[in-house]
Amino acid sequence: MAYWSQIFRFDQRKSDLEAELQVHLRMAIEERIASGESPDEARAAALRELGNLPLIEDVTRATWGWQWLEQFGQDVRFALRDMVKTPHVTVTALLSLMLGIGASVALFSVVYGAMIAPYPYFKPGEIRLPAIEGSKDPYDWWGRHLYTVKEYQEIAKLPAFQATMAVGNEWEMLTGPDMDTEGMNGVRVTDGMFNFLGVPALLGRTIQPSDTDAAGKPAQVVVLSYGFWQRVFHGDAHALGKTLMLNRVPYTVIGVMPQRFGFWTYKTFWLPMQMNSPSNQGLVVFLRVRRGMSEDEEARQLSDLNQRLARMTPAHFPQGAMHAVLHSALDLTAASTSGMRQNINLLLIAVGLLLLIACVNVANLQLARMTARSREFAMRSAIGAGRWRLMRQLLTESTLLALAGGVLGVLLALTVIHGIVAMIPQDSIPNEARIAINGPVLLFAAGISMVTGMLFGLAPAVQFARPDLARALKEGGGGASGSLRGKAMRNALVVTEIALAVVLMASASLAIRFFLQVTTTDRGFKPDHAMSVALVLPANGYKTMEERSALNAELLKRVSGLPGVEAAAMGDGGGPYGGIRSGYSLDGQAGVKGQQIIVSLISGDYLRTIGIPVKSGGGFTPEEEQKAAHVALVNETAAKLWGGENPVGRHIHVDFLGQTFKPPFAAAVGVGPDMTVVGVVGDTKNFILESPTQPQVYLPNTLYAGPGWLLMLRTDGDPMKMMDALRAQVQQVDSSVALVNAMTMDQIMGLEAIRARFNMTLFGTFAALGLMLAAIGIYCVISYNMTQRIHEIGVRMALGATRGDILRWVMRTLVKMTLLGLALGLGASFAVERMTHTTLFGTNSLDAASAAGVTAVLTAVALLAGWLPAHRAGKLNPVNALRSEF
Amino acid sequence: MARTTQQYKNRIELLQGTLDMLLLQILQRGSMHGYGIAQTLRARSAEILQVETGSLYPALHRLERQGWVASDWGQTEQNQRAKFYRITAAGKRQLAENRKKWETMAAAIAGILEPAQES
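From first to last, the protein sequence lines stand for chains W and Z. Numbers given in the numbering used here equal positions in the first sequence, counted from 1, plus 6. Numbers given in the numbering used here equal positions in the second sequence, counted from 1, plus 38.
Calculated directly from the structure, the hints in this document are not laboratory data. There's no promise every hint is true.
[To be verified] Using C-beta positions, here's what the derived DEER-type ranges look like:
no. : chain 1 : residue 1 : chain 2 : residue 2 : range
1   : W       : A452      : Z       : G112      : 46 to 52 Å
2   : W       : A50       : Z       : I147      : 37 to 43 Å
3   : W       : L448      : Z       : R119      : 51 to 57 Å
4   : Z       : G105      : W       : A452      : 35 to 41 Å
[Unchecked claim] Partial pick of chain W residues on the chain Z-facing surface, computed with a CB cut under 10 Å:
no. : residue
5   : L31
6   : A34
7   : N58
Model, not experiment: these values are computed from the prediction. Every residue gets a Cβ at the ideal spot worked out from N, C-alpha and C, and that includes glycine.
Produce the entire structure from the sequences given, and follow the hints as far as they go.
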């Protein structure tokens with residue numbers, strides 16, 4: 007018998023069966039009449055004998071085997087009908103679900119894209135990075151061991167690994183007749199790299215083993231990243247075959263990679279590695295494990311090789327016993343090393359709480375709705391529905407609601423995902439990560455909708471799938487709500503909601519405080535209207551200090567003379583941040599081992615450019631600068647080292663300048679470590695924001711100069727508008743000097759704030775949503791309780807209760823619930839906070855002020871949410887209330 | 039016919055497999071509608087076996103689903119529409135098998151009961 011025809015003709019078969027049984031009944035009646043009974047008697051007797059016709063039909067249909075589908079269809083139709091009949095409840099429930107599921111899905115897409123499957127590479131799970139456990143590793147980098155080219159070639163010969171590749175950085179200076187001079191990090195890779203990763207080129211081809219000749223010398227070819235191709239060649243397909251001059255060597259462009267491929271770089275390019283080089287540069291090695299071989303065996307082979315290599319060049323390996331370990335590439339992503347993992351975990355917990363609040367809300371709504379239908383359940387149970395059948399009905403309803411909420415949630419996630427991605431702190435997730443609503447995320451959405459449906463469906467299912475028949479039928483339709491158990495459960499759910507909302511609000515308060523701290527802390531200098539750009543000297547130029555000082559003076563003269571520039575200065579490396587760390591000692595005393603001071607080399611106008619005030623003494627005079635005098639400025643923290651005495655005129659010994667410098671570093675002739683202090687300047691935040699200022703000393707940059715400088719400008723308008731003029735001036739002086747990373751000071755400050763803002767926005771949004779949902783929940787429950795007790799209110803008013811009395815009566819319960827929820831929530835927050843010691847919010851911890859803030863906001867919202875329906879109850883006309891009995 | 043308490047007590051609960059076998063046997067003689075089958079069952083068992091409607095129709099539909107009977111709508115002698123069931127070839131084979139099993143079972147039970155009665 008064809009099953010398809012069975013399904014499609016279902017209705018036909020149903021009516022057939024009905025007809026068949028009617029025929030049977032008719033025949034039974036006829037037989038009785040024929041044997042002498044009256045028609046009425048016959049009919050009654052026949053019916054009695056036949057039994058429960060609908061039940062017989064049901065059982066018979068059950069033999070068809072499709073009963074589950076039939077019942078499911080029934081349940082779905084019924085659920086939809088009921089949802090349409092109670093639009094307020096349905097809309098509120100859908101809203102709650104949309105918010106809860108939407109937030110979860112959006113966050114999961116971040117987790118999936120950044121942590122679970124960030125890489126577009128071929129079988130990323132197979133890739134391993136070698137590390138050496140044991141004593142301190144001299145060639146260690148973020149937990150991986152680096153190998154030289156020769157060592158790598160030995161590794162490549164090991165049978166343990168299916169494929170290998172190695173990567174190294176190289177600073178490339180891009181020059182060229184039709185391109186701006188720039189400095190950037192090119193990526194040197196072994197010739198098998200692109201095949202190893204398994205990503206084909208977008209245009210042209212990738213570097214292949216054939217590009218390296220037998221002697222190990224690579225062809226001069228380069229593969230561009232998508233970002234580089236867009237920026238420099240403007241996406242022109244004719245970029246293939248063009249030449250790039252890198253470090254004055256021509257390279258031919260042979261290919262462009264697709265946008266998502268960002269291995270080691272997003273913005274530069276890949277070059278083949280020189281395999282015959284004797285260099286000791288450490289390379290990062292990637293390995294693909296061979297299937298069929300155990301990982302222990304592979305690690306052992308590597309260990310043996312390490313031992314052999316260590317015997318040849320012991321300086322590259324740690325001393326003593328070495329034990330090679332193969333780390334999975336997926337574990338060591340940027341996401342885990344930068345603390346982003348912890349960040350995301352906390353966010354996941356927060357969104358889980360939000361989802362829980364949504365579930366509790368919907369459970370409450372469902373409870374209320376089912377209460378109105380308790381008579382219906384009693385009836386169905388009486389005519390033969392089993393308990394499981396009723397429960398299935400309820401679960402179908404909740405699942406339907408959950409799926410609808412899930413669809414809405416996904417739509418919501420789609421709209422907010424762009425905003426979230428824009429806020430994610432740069433470099434905290436892998437370049438190649440793509441965060442979008444894709445297949446796996448949708449699967450997650452479906453899964454979480456089902457789980458949500460089960461969760462909030464449980465409460466009403468448990469309560470109503472076993473109705474107390476007699477009582478429910480006796481009482482009115484809504485009377486069952488008076489049952490203590492029902493009310494207690496609803497109130498308990500509200501308390502839970504409040505507690506969860508409190509926890510969310512506590513976390514948000516921490517995030518907000520941290521953000522405010524990051525953005526309003528006085529840093530000690532003025533970042534507005536200021537910008538910095540890094541200057542990189544060409545590799546083979548400016549070997550002597552005189553040349554460097556001359557360049558410095560010339561550049562500053564030209565740049566200061568530009569219209570719109572108020573002040574210009576040259577510093578080293580990182581501007582107000584960072585700098586060289588050096589040991590020191592004061593006034594000829596012996597230095598304490600390990601104590602360090604930050605050393606910054608500056609030109610004379612630096613203080614004015616950055617906006618650091620001079621507190622005592624004076625800045626550098628032009629003569630002191632020119633003559634490379636051994637003078638120094640100290641910040642206030644450093645000044646305290648002299649124990650309260652004025653350090654002006656005293657001496658400080660900066661250990662750093664006691665060494666001899668080789669290129670690329672240069673120092674003035676006769677430079678020595680003894681400096682005389684000529685002034686004290688204001689403190690700046692020169693370390694992590696939450697930490698106190700570190701002692702710092704400023705020296706004239708004519709004393710010592712590295713190959714990288716920082717040019718800083720203060721302008722009277724938008725600093726970035728000066729870039730073109732700046733570039734022109736630098737080009738005129740020396741076109742081989744590269745300008746890199748031009749940013750305004752405000753932008754640099756902003757970088758710090760990005761993570762704080764990210765967390766504040768997300769935690770704050772979750773808290774706001776949680777609070778809103780809790781408020782809706784309170785409003786609904788109080789409203790519902792009111793409607794159930796309309797009669798009672800009428801009686802009370804008739805007996806003399808005023809509006810105020812009614813209000814107070816209602817609010818009493820609300821206040822109790824709120825207080826209980828607050829206590830639970832705050833208690834949980836404190837407990838969790840003590841346990842996790844997270845550094846996500848700086849050093850802020852939950853204190854009385856935060857708790858007070860949370861309490862105030864929550865109480866206000868809760869009381870308002872409960873007051874509205876209570877106020878309405880008070881305004882009832884007692885006569886109508888009394889009449890509204892069923 | 040009125041029911042007597044005697045007849046109620048004599049009603050033996052028929053196991054599902056047994057009922058199937060009896061229905062197939064009845065249909066062996068020719069096609070019949072549901073009421074007719076119930077009548078025949080009562081008549082041929084001397085009023086001892088009276089199958090409930092609630093068991094009969096599920097059983098018939100089950101047999102149909104297994105492919106042992108087939109059904110068609112037809113006309114009764116009184117020219118009324120009714121659904122007639124007839125046995126199929128597969129059904130005949132199933133019947134033969136069921137009978138063999140039943141006879142084996144009956145012999146086995148008899149074998150146990152016999153010696154007890156003798157002593």
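Now for the hints, and whether the structure bears them out:
Between A452 (chain W) and G112 (chain Z) the beta carbons are some 50 Å apart, a value that agrees with the proposed interval 46 to 52 Å. A beta carbon spacing of about 42 Å between A50 (chain W) and I147 (chain Z) agrees with the range 37 to 43 Å that was offered as a hint. At about 53 Å, the beta-carbon gap between L448 (chain W) and R119 (chain Z) stays in the expected band of 51 to 57 Å. A hinted range of 35 to 41 Å for the beta carbons of G105 (chain Z) and A452 (chain W) is consistent with their spacing of about 39 Å.
Here the hint on L31 (chain W) is kept, as its CB sits about 9 Å from the closest CB of chain Z, short of 10 Å. At its closest, the beta carbon of A34 (chain W) sits 7 Å from a beta carbon of chain Z; the interface hint therefore holds under the 10 Å criterion. Nearest Cβ of chain Z to the Cβ of N58 (chain W): about 7 Å, under the 10 Å cut. The hint holds.
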